[in-house]
Amino acid sequence: MEIYTIIFLLICLLITLFSSLSERNKRISAEEKNKGLKDLIRQLDDQAKIIIKTDLALNKVQEELDKKITGLYTLHELGKKVSSTFNIEDLFSLINKPLVSKLGFSKALIMLKNEKTGVVSTKIHVGYAESDIKKIEKNINKGGIAAALFKKSGFILVNSDAKKVQHEDVLADIFKTESFLTVPITVKDEAVGFILMGNISSYTKLTEGDAELLSILASQISTAIENSQLYAELFSSHQDLERRVKERTQELAKLNEELKKLNRAKSTFVSAVSHELRTPLTSIKGYASILMAGKLGDVSAAQKERLEKIDTHSNSLTRLINNLLDIARIESGRVQMIIKEISIKEMLDSIVDIITPQIKEKNISLKIDTKTKVDKIKADPSQLERVFLNLLSNAIKFTPEKGKIVIHIEQKNDFIEFIIEDSGMGMPKQDLEKVFEEFFRSDNAQHQGVKGTGLGLSLVKKIIEAHKGKIWVESDLGKGARFAFTIPRP
Amino acid sequence: MIYVKHDRKTLTHCMLLCNIANKAMATKIGIGYSQNLDSFSAGKEAARLATYQLGRLKTDLIIAFISPIFEQDIALKGIRSIANEAPMIGSSSIASITSKGSFKDSVTICAISFDSINFSIAFQEGVRNNPRSVSTSVARKALSNSTIQRQLYMMLSDSFGVNSSDVLIGAHEILGTRFPVIGGASAHNFQYKKTCQYFNYHLYEDLVIGLLLSGNFTTGIGSAHGWQRIGRSHDLTKAKLNIIKEIDRRPAIALYEDYLGKDINELKNEGIAKIGASFPLGMKLREKEAYLLRSPVDITEDGGLVLNANVPECEEINLMIGDRDSALNAAKKAAREALENLKNLTPSFGMVYSDISRFQLFRKDPQIELNAIKDIIGENVPLIGCYTCGVYAPISVAEYTQQFYFQNQTLSVTLFSE
Chain U
1 MEIYTIIFLL
11 ICLLITLFSS
21 LSERNKRISA
31 EEKNKGLKDL
41 IRQLDDQAKI
51 IIKTDLALNK
61 VQEELDKKIT
71 GLYTLHELGK
81 KVSSTFNIED
91 LFSLINKPLV
101 SKLGFSKALI
111 MLKNEKTGVV
121 STKIHVGYAE
131 SDIKKIEKNI
141 NKGGIAAALF
151 KKSGFILVNS
161 DAKKVQHEDV
171 LADIFKTESF
181 LTVPITVKDE
191 AVGFILMGNI
201 SSYTKLTEGD
211 AELLSILASQ
221 ISTAIENSQL
231 YAELFSSHQD
241 LERRVKERTQ
251 ELAKLNEELK
261 KLNRAKSTFV
271 SAVSHELRTP
281 LTSIKGYASI
291 LMAGKLGDVS
301 AAQKERLEKI
311 DTHSNSLTRL
321 INNLLDIARI
331 ESGRVQMIIK
341 EISIKEMLDS
351 IVDIITPQIK
361 EKNISLKIDT
371 KTKVDKIKAD
381 PSQLERVFLN
391 LLSNAIKFTP
401 EKGKIVIHIE
411 QKNDFIEFII
421 EDSGMGMPKQ
431 DLEKVFEEFF
441 RSDNAQHQGV
451 KGTGLGLSLV
461 KKIIEAHKGK
471 IWVESDLGKG
481 ARFAFTIPRP
Chain A
1 MIYVKHDRKT
11 LTHCMLLCNI
21 ANKAMATKIG
31 IGYSQNLDSF
41 SAGKEAARLA
51 TYQLGRLKTD
61 LIIAFISPIF
71 EQDIALKGIR
81 SIANEAPMIG
91 SSSIASITSK
101 GSFKDSVTIC
111 AISFDSINFS
121 IAFQEGVRNN
131 PRSVSTSVAR
141 KALSNSTIQR
151 QLYMMLSDSF
161 GVNSSDVLIG
171 AHEILGTRFP
181 VIGGASAHNF
191 QYKKTCQYFN
201 YHLYEDLVIG
211 LLLSGNFTTG
221 IGSAHGWQRI
231 GRSHDLTKAK
241 LNIIKEIDRR
251 PAIALYEDYL
261 GKDINELKNE
271 GIAKIGASFP
281 LGMKLREKEA
291 YLLRSPVDIT
301 EDGGLVLNAN
311 VPECEEINLM
321 IGDRDSALNA
331 AKKAAREALE
341 NLKNLTPSFG
351 MVYSDISRFQ
361 LFRKDPQIEL
371 NAIKDIIGEN
381 VPLIGCYTCG
391 VYAPISVAEY
401 TQQFYFQNQT
411 LSVTLFSE
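Residue numbers (our numbering), protein chains in the order written: chain U, 1 to 490; chain A, 1 to 418.
Check each hint, because a few of them may be wrong.
Stated by the list, open to error - Cut-off 27 angstroms, straight-line C-alpha distance, at most; resulting in silico cross-link-like pairs (DSS-like, lysine-lysine):
| no. | chain 1 | residue 1 | chain 2 | residue 2 |
| --- | --- | --- | --- | --- |
| 1 | U | Lys429 | U | Lys345 |
| 2 | A | Lys268 | U | Lys176 |
| 3 | A | Lys364 | U | Lys67 |
| 4 | U | Lys53 | A | Lys268 |
| 5 | A | Lys262 | U | Lys53 |
| 6 | A | Lys364 | U | Lys49 |
| 7 | A | Lys284 | U | Lys49 |
| 8 | A | Lys268 | U | Lys60 |
| 9 | A | Lys268 | U | Lys81 |
| 10 | U | Lys49 | A | Lys77 |
| 11 | A | Lys104 | U | Lys80 |
| 12 | A | Lys238 | U | Lys38 |
| 13 | U | Lys412 | U | Lys373 |
| 14 | A | Lys262 | U | Lys81 |
| 15 | A | Lys262 | U | Lys49 |
I should point out that these hints are in silico values taken from the structure, not numbers from a laboratory.
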């Protein structure tokens, strides 16, 4: 019996031993699994930290980029508006709180130095009260602090958490902002002012990217100031020029008036003198005729010859005086053109009748070349006849024997153009401009040999201009002449 | 059609007749915006565009969202110059959300001509010091001026130093704990500065505005965030109200120090609000399969994290991370939920409030979030809303309990059907 008890107890002991070993193994296994899981969780957690840090860094970069893009776009929009104005005040009115906020700042100042006095004053301010501005201006103008702000070379960037050098401390105190950025405004390589932008929040850090943006704005302002100055100079020059032109125009008008007066005086003088000359001339001619007629006794051949010369020269003088009188009358408006519709053919027929003897005498051929079917013109018949007679008689005078004269007629829009062309001696080119001046005679020897008063063409010009036409000449020495004039069509 | 001129402050039988008669009509919304950098002109242009779209309809209410880049009082003057007579509420916001687009750096005006919806508005200052009692007071005023069939309450409140959970609790004390509350706290950027609210063209800070909508209409609300857990779970070991003092028996800031590799001073310098917007804390609510997100806005002297709302009771706490794809999917989910909760009725219009961290996540191109919503609800549903510092919205769970929370990183979509 005891043996069985002992065996039974041994078996129980073995079973207990096996159980506890098994439990121990399970526990060890579970602990190992737990440790493994914990390690895994730790690893995942570490990876999560890496992900978060990476995400944070990416966010920061993206934010900087977004800020820069927004800033650049805002400045671009500002630039478009600025380029359409020459008024610097318009530009300053565009730099307002919304714009400053879009650039990422809460405070802004633009201060410019007066050219003459050197005093720095505020052009725009955002985020400051008026009382603050007065204090800032006083402090800026007081000491040498302005020199740091007006340095051409660069910007001043101060962040709230960064260590400040001495003048940065002073500036932060003056501008009442912990983080700020200043950039000088330069015109023609000289600093004329500065821009300040700042933040009162310590969270927003200023970077060199902000300095770049502000530099762009400073550059826009500089360009606008320069453009505005240039425009002001240009405008002033323009005003000055206008004033001078006005003065000169007034002077010219005055001179013109004087000239007209002189001209009128001349015409009156000529008219008066001509009238005074005609009377004695009439007497001279009259008495010469009486003497030649033998009414006061016989006249010898020699006496008759001299009396005939007196008569001829009196006639010449009379013609000269008549021409002068005609010119004077036309100039003074005392002769009114009696404009009517006349037939070109009929007029030319009449004129050809008059000059036929002179043509035949020199055996000159006369031809009329009509290139238009229009036969009517509007003119004063008697005055136009004088024009033709004058031009044709000149043509005959200056054309040698067996020469050619052609009258060309052509329609030119609302005018009829007449050209008296001859194959005569022509005239030097330098005389063409002066040929219609009163008393002008060419220096050319051949011309000097032909008699004339030098008033005929002047009278012709006056008559044509009174008809609202034009007259001109084309010629060269030895190559004939072409005198052309226009008369209006009906 | 029976046309009856009715007084919105008192109930009349005419109201019912009006609702029946005008069943075919719906609330009309005119939306105008301007990005003119002159504040007055921006306000004026936006208001003109919005009111013009209403045609001959009377403008019952103006809701304005003005970017903080503008001079707020001057922009309000611009708005007033056009829409002087209509009641007006609004808030500063970095960007608006409307069916016409999402506009940053803008003045956006929504001019509303209600049809079967009645509204009452109220406001009170002092929310920073007494968020709960001020919110209670506003809700009470709005309630007293409202008609029967109260359906929805929208709040816009200051966020600077404000416990927005208490603002919600205050409203629920008057309206009922299950009463739908939407809206959010004003936000304008990540610097966590003072924000602005507007009431009848006057500029305020430290304000709660309440808009109570009542009438015969149906609403459907959906919300989602799309942020996901990253790293291991942690224990919330010490917290009080809106301050987390300890996590895993260490100062709460240590969590961020560990994961971001920055010390407390660096985190202070960079701004914990901005970092917290991207990496909020997710609190797994007891007995729910959902994480309530909270963004830290400040750090206490002893390394605690100050949140903009109360710390809920939670099983565990995690750092959360967002990505564009999951956030966009969340936007679609919220829109889908809102449609489902509208019981498949056709939406007349909608309100969208989205947390500012989502604006940051989409790289400041919020149009893609708006497009995701429109993909679900349709192109032609008028939408109004803005980016806020947290939204009032229900937690989206399998069993939809209609329990509303103040949440960060979240988008809420509310659809209306008349």
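Right, here's what the structure says about each hint:
no.	hint	verdict
1	U/Lys429 / U/Lys345	33 angstroms, violated
2	A/Lys268 / U/Lys176	22 angstroms, holds
3	A/Lys364 / U/Lys67	10 angstroms, holds
4	U/Lys53 / A/Lys268	17 angstroms, holds
5	A/Lys262 / U/Lys53	9 angstroms, holds
6	A/Lys364 / U/Lys49	25 angstroms, holds
7	A/Lys284 / U/Lys49	21 angstroms, holds
8	A/Lys268 / U/Lys60	16 angstroms, holds
9	A/Lys268 / U/Lys81	40 angstroms, violated
10	U/Lys49 / A/Lys77	49 angstroms, violated
11	A/Lys104 / U/Lys80	21 angstroms, holds
12	A/Lys238 / U/Lys38	24 angstroms, holds
13	U/Lys412 / U/Lys373	12 angstroms, holds
14	A/Lys262 / U/Lys81	44 angstroms, violated
15	A/Lys262 / U/Lys49	11 angstroms, holds
In summary, the structure is inconsistent with hints 1, 9, 10 and 14 from the numbered list given earlier, while agreeing with the others.
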